[in-house]
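Enquirer: These protein sequence lines map, in sequence, to chains A and B. Going by our numbering, the first sequence opens with residue 16, and the numbers climb by one from there. Going by our numbering, the second sequence opens with residue 16, and the numbers climb by one from there.
Since the hints were made in silico from the structure, they are not lab data. Predicted, not measured: the structure shown is a model, and the values here were computed from it. Where hints are given, some of them may not hold.
Same chains, same label: a pair holds when it works inside one copy or across any pair of copies.
Said to hold, decoys possible - Lysine to aspartate or glutamate pairs mimicking EDC-like chemistry, simulated, CA-CA at most 20 Å apart: (1) LYS50 x ASP241; (2) LYS133 x ASP76; (3) LYS50 x ASP238; (4) LYS30 x ASP247; (5) LYS303 x ASP278; (6) LYS106 x GLU375; (7) LYS303 x ASP76; (8) LYS196 x GLU428; (9) LYS303 x GLU130; (10) LYS50 x ASP212; (11) LYS142 x ASP206; (12) LYS50 x GLU428.
Here's the letter readout for the chains.
There are 2 protein chains.
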Amino acid sequence: MRNFDLLSPADALAKLMAALDAAQTRMPAESVSVKTAYRRMLARDVTSPIALPEFRRSTVDGYAVRAGSTPGVLRVIGEVQMGELSNLRVKLGDAALVHTGGNIPEGADAVVMVEQIKSLDQSTWGKIQTQAQVSPGENVIQEGEDVRPGDVVMRAGALLREQEIGGLLSLGITQVDVTRKPRVVLIASGDEVVPADSPTRPGQVRNINTPMLSAMLTRHGADVLDYGILPDMRAAFEDAAQRAMREADMTIFMAGSSVSERDFTPDVVNAMGRPGILVHGIAFRPGKPTLFAVCDSKPVFGLPGNPISVLVTATMFALPALYRLQGSTMPRPNLVGAILSSDVKSPRDLEHWFPVALSEDRPAAAAGMPTAEPITTKSNLIFGLVRAAGLVCAPIGVDRLTAGSVVDVRLME
Amino acid sequence: MRNFDLLSPADALAKLMAALDAAQTRMPAESVSVKTAYRRMLARDVTSPIALPEFRRSTVDGYAVRAGSTPGVLRVIGEVQMGELSNLRVKLGDAALVHTGGNIPEGADAVVMVEQIKSLDQSTWGKIQTQAQVSPGENVIQEGEDVRPGDVVMRAGALLREQEIGGLLSLGITQVDVTRKPRVVLIASGDEVVPADSPTRPGQVRNINTPMLSAMLTRHGADVLDYGILPDMRAAFEDAAQRAMREADMTIFMAGSSVSERDFTPDVVNAMGRPGILVHGIAFRPGKPTLFAVCDSKPVFGLPGNPISVLVTATMFALPALYRLQGSTMPRPNLVGAILSSDVKSPRDLEHWFPVALSEDRPAAAAGMPTAEPITTKSNLIFGLVRAAGLVCAPIGVDRLTAGSVVDVRLME
Numbered sequence: 016m017r018n019f020d021l022l023s024p025a026d027a028l029a030k031l032m033a034a035l036d037a038a039q040t041r042m043p044a045e046s047v048s049v050k051t052a053y054r055r056m057l058a059r060d061v062t063s064p065i066a067l068p069e070f071r072r073s074t075v076d077g078y079a080v081r082a083g084s085t086p087g088v089l090r091v092i093g094e095v096q097m098g099e100l101s102n103l104r105v106k107l108g109d110a111a112l113v114h115t116g117g118n119i120p121e122g123a124d125a126v127v128m129v130e131q132i133k134s135l136d137q138s139t140w141g142k143i144q145t146q147a148q149v150s151p152g153e154n155v156i157q158e159g160e161d162v163r164p165g166d167v168v169m170r171a172g173a174l175l176r177e178q179e180i181g182g183l184l185s186l187g188i189t190q191v192d193v194t195r196k197p198r199v200v201l202i203a204s205g206d207e208v209v210p211a212d213s214p215t216r217p218g219q220v221r222n223i224n225t226p227m228l229s230a231m232l233t234r235h236g237a238d239v240l241d242y243g244i245l246p247d248m249r250a251a252f253e254d255a256a257q258r259a260m261r262e263a264d265m266t267i268f269m270a271g272s273s274v275s276e277r278d279f280t281p282d283v284v285n286a287m288g289r290p291g292i293l294v295h296g297i298a299f300r301p302g303k304p305t306l307f308a309v310c311d312s313k314p315v316f317g318l319p320g321n322p323i324s325v326l327v328t329a330t331m332f333a334l335p336a337l338y339r340l341q342g343s344t345m346p347r348p349n350l351v352g353a354i355l356s357s358d359v360k361s362p363r364d365l366e367h368w369f370p371v372a373l374s375e376d377r378p379a380a381a382a383g384m385p386t387a388e389p390i391t392t393k394s395n396l397i398f399g400l401v402r403a404a405g406l407v408c409a410p411i412g413v414d415r416l417t418a419g420s421v422v423d424v425r426l427m428e
Numbered sequence: 016m017r018n019f020d021l022l023s024p025a026d027a028l029a030k031l032m033a034a035l036d037a038a039q040t041r042m043p044a045e046s047v048s049v050k051t052a053y054r055r056m057l058a059r060d061v062t063s064p065i066a067l068p069e070f071r072r073s074t075v076d077g078y079a080v081r082a083g084s085t086p087g088v089l090r091v092i093g094e095v096q097m098g099e100l101s102n103l104r105v106k107l108g109d110a111a112l113v114h115t116g117g118n119i120p121e122g123a124d125a126v127v128m129v130e131q132i133k134s135l136d137q138s139t140w141g142k143i144q145t146q147a148q149v150s151p152g153e154n155v156i157q158e159g160e161d162v163r164p165g166d167v168v169m170r171a172g173a174l175l176r177e178q179e180i181g182g183l184l185s186l187g188i189t190q191v192d193v194t195r196k197p198r199v200v201l202i203a204s205g206d207e208v209v210p211a212d213s214p215t216r217p218g219q220v221r222n223i224n225t226p227m228l229s230a231m232l233t234r235h236g237a238d239v240l241d242y243g244i245l246p247d248m249r250a251a252f253e254d255a256a257q258r259a260m261r262e263a264d265m266t267i268f269m270a271g272s273s274v275s276e277r278d279f280t281p282d283v284v285n286a287m288g289r290p291g292i293l294v295h296g297i298a299f300r301p302g303k304p305t306l307f308a309v310c311d312s313k314p315v316f317g318l319p320g321n322p323i324s325v326l327v328t329a330t331m332f333a334l335p336a337l338y339r340l341q342g343s344t345m346p347r348p349n350l351v352g353a354i355l356s357s358d359v360k361s362p363r364d365l366e367h368w369f370p371v372a373l374s375e376d377r378p379a380a381a382a383g384m385p386t387a388e389p390i391t392t393k394s395n396l397i398f399g400l401v402r403a404a405g406l407v408c409a410p411i412g413v414d415r416l417t418a419g420s421v422v423d424v425r426l427m428e
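In isolation and in its complexed conformation, chain A is listed as follows (with noise of 0.2 Å):
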């Protein structure tokens, strides 16, 4: 296929993006403790059963009084244990103690804070004074103020963070409905390739696709199933995608060496269901032969096989898909403004990423910038990446990044 017949990679993301938003495929909910929910993804909308603040509190350390007992003198009556309702009655010039997040106590309507008060007395409930006017309302939070019951705190789809998961905990929720993490099938392939934890005989590779992938994809939420690695056989290939497609969610085959097997893989992904293929072939290096399908409504992935492609591939499309799933949107790359330390050469046809190490400690660090150096590997080998603090990209149209000009460079973290 010419480059120029090729969709640009936002054009492929946005097909396969638009598929699955056709077929509503989503996960279904499951319910988890709270405990247990940092980093899933909310499956509904969380309604607050409580008020928040469930009583008056105090926002200072002071007095609480009724506003128009100030300025003057006033008579401390007890103080507000922390911890319980007081049953204190604030009349007009009484004051009660009460510390930060404490009761107001019926009566009072404001809180002059501790730094404006003098005591009149050695007493410990003595007389005070204070010079200070406080308004009604002045330092009290009031019941609900924050939240009422009913209010909607959280909406379908989030992430839950740590403040997501303090937030709930506060209002009494201690189960949450959940999008079940995806079940990603991963297929490796290639008669040369062997387990990454196993011995090599000489003209053997390992396979450490898959170890990196299941990483990932767990990281993003995805419970992985790894098929291990296919003979380069069509009658293994099709037993793989019938099993995919009765246990999984999302499946990826990581292409092997064939050429054979290359030619069969669209057919086997055609026959895993409809619609099928959406984009075979993207405008984008490494990975222009990326396939994109949707099968009965779950996403399949035909990412190329060399371990640089399959990385960025996966960054760029499957983890997309996966958020997507779980009825959410992938957080928002990490970019990092950096000074490129020398030309680089792109294909104009072609959206091209390519690793970078960052380096702060160059003369164009003084521009507050750290520099860009790009990785350029033969062999598109791993340490290409172990190097690379993150990719640049060069867009379609564009044949030449040169030296000393501004790029973004999206950290790989």
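Since the structure of chain A is already known, use the hints to place chain B on it.
Expert: Chain B in isolation, oriented as in the chain A frame:
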């Protein structure tokens, strides 16, 4: 303490880091399977035991030849099987069919791409012709070209990302020395505070700080020990502090609301070991009363008790220390440029971080940037961060950020 006497956040953190460096505080190494080492940090440099590639390989589909045979007519003497070293021997005028990644047979020194070949007869092993002239080494990757035996391929302190996992496995390394997970003790307090999953009586509040920090610290490599909620009694704090010095590598006190506790906590921390408190009070909002100590080489933190302060100060100050304990450096925060939607007042003598929501569908999006909408909450309740995509900083010396200005949003992800 008056604000202008306080250390800036950067100076305070530098002081802590310098003390940890001086104490050479770092976790010991432990050997783990590479399959479970994802997101761990290397305890030592990694040296390659082998060459990569382990044998001469083709980078294309084509015919292995002697460069001197091209251009011209070539006799096909066989095919290199994937997964084996070839026993073919290529002489002048010979060609051996080879696939991408396949072994270059003895005698050959270059590969002619299959696209540059014309078949001269119908037989499989017949004569072929090429008009291309290849140079010695063309389309060949030499043994050890990427990695030579003894090369240092990864450095101590490196975070093991997908590509490091793949890189280690590609070298046949299946066990790796990483730094042991730092044990971090979390100590909550307050007579009004109850565990987050307990029923509450009126006047009580749930402890959400421990589950939030536990989630965050675990994600960044810690092994968290939860000491529960202490009563506001000095003896309870002293016991917990002693136990933490025996069991933990790092200790975090989360303040309760009690004034007496605020008074005795510094003494309790100083009694944990030398040099003791380094910083008490930072020109930082939210979290001015934050306390840092190093006690017998172990970092100890006293964080303010309100949930927003806890999360923000832990992110800014405890996470960098946690990475340092692992012999590494905290990843760069993810910053996004945005247009501030409204004025924000800020105390001139504090570095002030406030939460913002990000909105893409406002007029400012026309400038290619989202809008950052400040979130103000009177009570510092956690829902101020639930609605937030991230935090914006008003530096020391600034008393107002104005609507329409461009700000960096530090994403909370």
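Enquirer: Look at each hint and say if it fits the structure.
Expert: These are the hints, each one checked on the structure:
In this assembly of identical chains, the alpha carbons of LYS50 and ASP241 lie at most 20 Å apart only when taken from different copies (13 Å versus 28 Å within one copy). For a Cα distance limit of 20 Å, the shortest separation of LYS133 from ASP76 inside one copy, 14 Å, qualifies, whereas the shortest one across copies, 89 Å, does not. In this homomeric assembly, LYS50 and ASP238 come within 20 Å of each other (Cα to Cα) both inside a single copy, at 19 Å, and across copies, at 16 Å. Proximity of LYS30 and ASP247 under a CA criterion of 20 Å is satisfied in neither setting, with 30 Å inside one chain copy and 60 Å between copies.
In this assembly of identical chains, the alpha carbons of LYS303 and ASP278 lie at most 20 Å apart only when taken from the same copy (15 Å versus 65 Å across copies). Neither within a single protomer nor between protomers do LYS106 and GLU375 lie at most 20 Å apart by alpha-carbon distance, with minima of 65 Å and 51 Å respectively. Proximity of LYS303 to ASP76 under the C-alpha cut-off of 20 Å is restricted to the inter-copy arrangement: shortest distance 16 Å between copies versus 64 Å within a copy. When the C-alpha separation of LYS196 and GLU428 is checked against a cutoff of 20 Å, the pair qualifies only between copies, where the shortest distance is 19 Å, while the shortest distance within a copy is 22 Å.
Proximity of LYS303 and GLU130 under a CA criterion of 20 Å is satisfied inter-copy only: 17 Å between copies versus 69 Å inside one chain copy. When the C-alpha separation of LYS50 and ASP212 is checked against a cutoff of 20 Å, the pair qualifies only between copies, where the shortest distance is 9 Å, while the shortest distance within a copy is 34 Å. Taking the shortest Cα distances, LYS142 and ASP206 never come within 20 Å of each other, neither inside one copy (90 Å) nor across copies (28 Å). In this assembly of identical chains, LYS50 and GLU428 lie within 20 Å of each other by CA distance solely across copies; the values are 18 Å between and 25 Å within a copy.
Comparing the model with each numbered hint stated earlier shows that hints 4, 6, 11 do not hold.
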